[in-house]
Amino acid sequence: MVAAVALSFGAITVAGCGTSATGATSCVGVEVEAGITNSLSDALLFIAQDKGYFTEEGLEVKLRPFKSAGEMVPYLAAGHLAVGAGAPSAGFYNGIARDIDIKIVADKGQLVTNHDYMPLLVRKELVDSGKVKSIRDLEGLSVAEPAPGTATSSTLAALLETEGLAYNDVSHMFLGFPDHVAALQNGSIDAALTTEPAATKALSSGAAVKLADSTTVYNNQQLAVLLYSGDFPKEQGKAAQCFMNAYAHAARDYSAAVEGGRWAGAGADEIASIIGANIKTDPEAVKKTVPSYVNPDASLNVESLKKDYAFFVKQGLYTGTSHIDFDALVDTSYVDRAAQAATKE
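Numbering (my numbering), first residue to last: 11 to 355.
Warning: the hint list may mix true and false statements.
Unchecked claim - Think about it this way: if two alpha-carbon atoms lie no more than 30 Å apart in a straight line, the pair counts; the simulated DSS-like pairs of lysine-lysine are:
1. Lys298 / Lys134
2. Lys244 / Lys316
3. Lys297 / Lys134
4. Lys61 / Lys244
5. Lys298 / Lys72
6. Lys72 / Lys297
7. Lys141 / Lys220
8. Lys220 / Lys297
9. Lys61 / Lys72
10. Lys290 / Lys72
11. Lys143 / Lys290
12. Lys354 / Lys77
13. Lys77 / Lys61
14. Lys244 / Lys77
15. Lys143 / Lys298
16. Lys220 / Lys298
What the hints contain is simulated information worked out from the structure, not anything from laboratory work.
Make the full structure from the sequences, and use the hints.
Shown next as C-alpha cells:
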C-alpha cells in the first residue's frame, strides 16, 4: 500500500471531490466519486445509491470500482477521489506517517457478537484425523491471511494468545480471501482467517470447519472504515456532511436488516437484493453469508483502531518515526452530526 502512494498520477484529471455551481455551502449538484471494490462490504454505499439517499441530499454520486481498497489510497491522497474505504493496516499507517492527507470518518464493518463474518477455519481433514482439536494445535501449522500487517493479523494474534501461542508460532501464508477456499480444498494451507463470502463457500464445500469465533476473543474489532480525502471536506464541507447523512441513513437500513447476525430483519430481502444486484450475486446467496456488523449510526470504534496500530508497532510493521495522532487522523464530526439530524426526524 505504501508503494502505491508513490505512484505518479501523470495526466489523471478525475473530479473526485466534486464541482458545484452553487459553491461549497450547498450540496445541490455536487459531484462526488466514491471508491468501491464491488464486494459485500460496500453494502452501505450500494444502499445509499440505489435507495436514493444521495440524491435526496442533492448529491450526484458516482461509485468507482477498484480492484482493492489499497488501490484507492493514492487517488484519495491526491484528491482525485473524494471517498474511499479501507482496512486500517500497517501500510496505511505508514502512509499516514508520510503526511498523506486522508481521514477515517465512519464505520464500514466490525466483528461483533453474532456477526462473526471472519471466522478461524481449519481443514476438515485435520480435525477428522484428530491433529487439530483447538487453537493450541495450530502451532507450526500454516494459517492464511490476506496480506502482511493487516487488521486480520491482529485478530489472529488475539486468537492465538488465548491458548498461549504467539503470532509467530504459526506459519503465515498471504493469499487474497477468495483464494482461501481453493487453498483449503487442495491442502496448501492448514487454516485461515477468512471473511465472507469466502468463509461460507469454504464451509459449504466441506473443505473446512470453524475452529473459533473471532468475536469471542476480539469483540467490536473495527475491520473496515470509510475514508475521506483531505481535500473533500476542505473544498466541499457541506457535501462531505450530506454524503455522511446519506451513508448513515443506509447504515440504519442495513443494521435493521441483519439485526442479530441473521438476514431476517426489517427489509432484509430488499437489502440483499440491492447488494446482490451490485455485486452480481444471487440475493439468496447473499443471505446465506454471515453479515458484518455496522453501527446503526456508522460510528467508529476508535479504541480498536488504536489496539491494532499498537500490534503493528509491536511487530515492527509500523516504520514511522513518530506515533500516529489519532485525534488528527479520525474525524467523527460527520457521523456525530448525522446521528443528531436523524434523532430530529
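Hint check results:
1. Lys298 / Lys134: holds, 20 Å
2. Lys244 / Lys316: Cα-Cα ~26 Å, so holds.
3. Lys297 / Lys134: holds, 24 Å
4. Lys61 / Lys244: holds, 28 Å
5. Lys298 / Lys72: holds, 29 Å
6. Lys72 / Lys297: holds, 26 Å
7. Lys141 / Lys220: Measuring from Cα to Cα gives roughly 15 Å; hence the hint holds.
8. Lys220 / Lys297: holds, 19 Å
9. Lys61 / Lys72: Distance ~14 Å between Lys61 and Lys72 Cα, so the pair holds.
10. Lys290 / Lys72: Within the cut-off at roughly 18 Å; holds.
11. Lys143 / Lys290: violated, 38 Å
12. Lys354 / Lys77: violated, 39 Å
13. Lys77 / Lys61: holds, 25 Å
14. Lys244 / Lys77: holds, 27 Å
15. Lys143 / Lys298: holds, 27 Å
16. Lys220 / Lys298: Holds, at roughly 16 Å.
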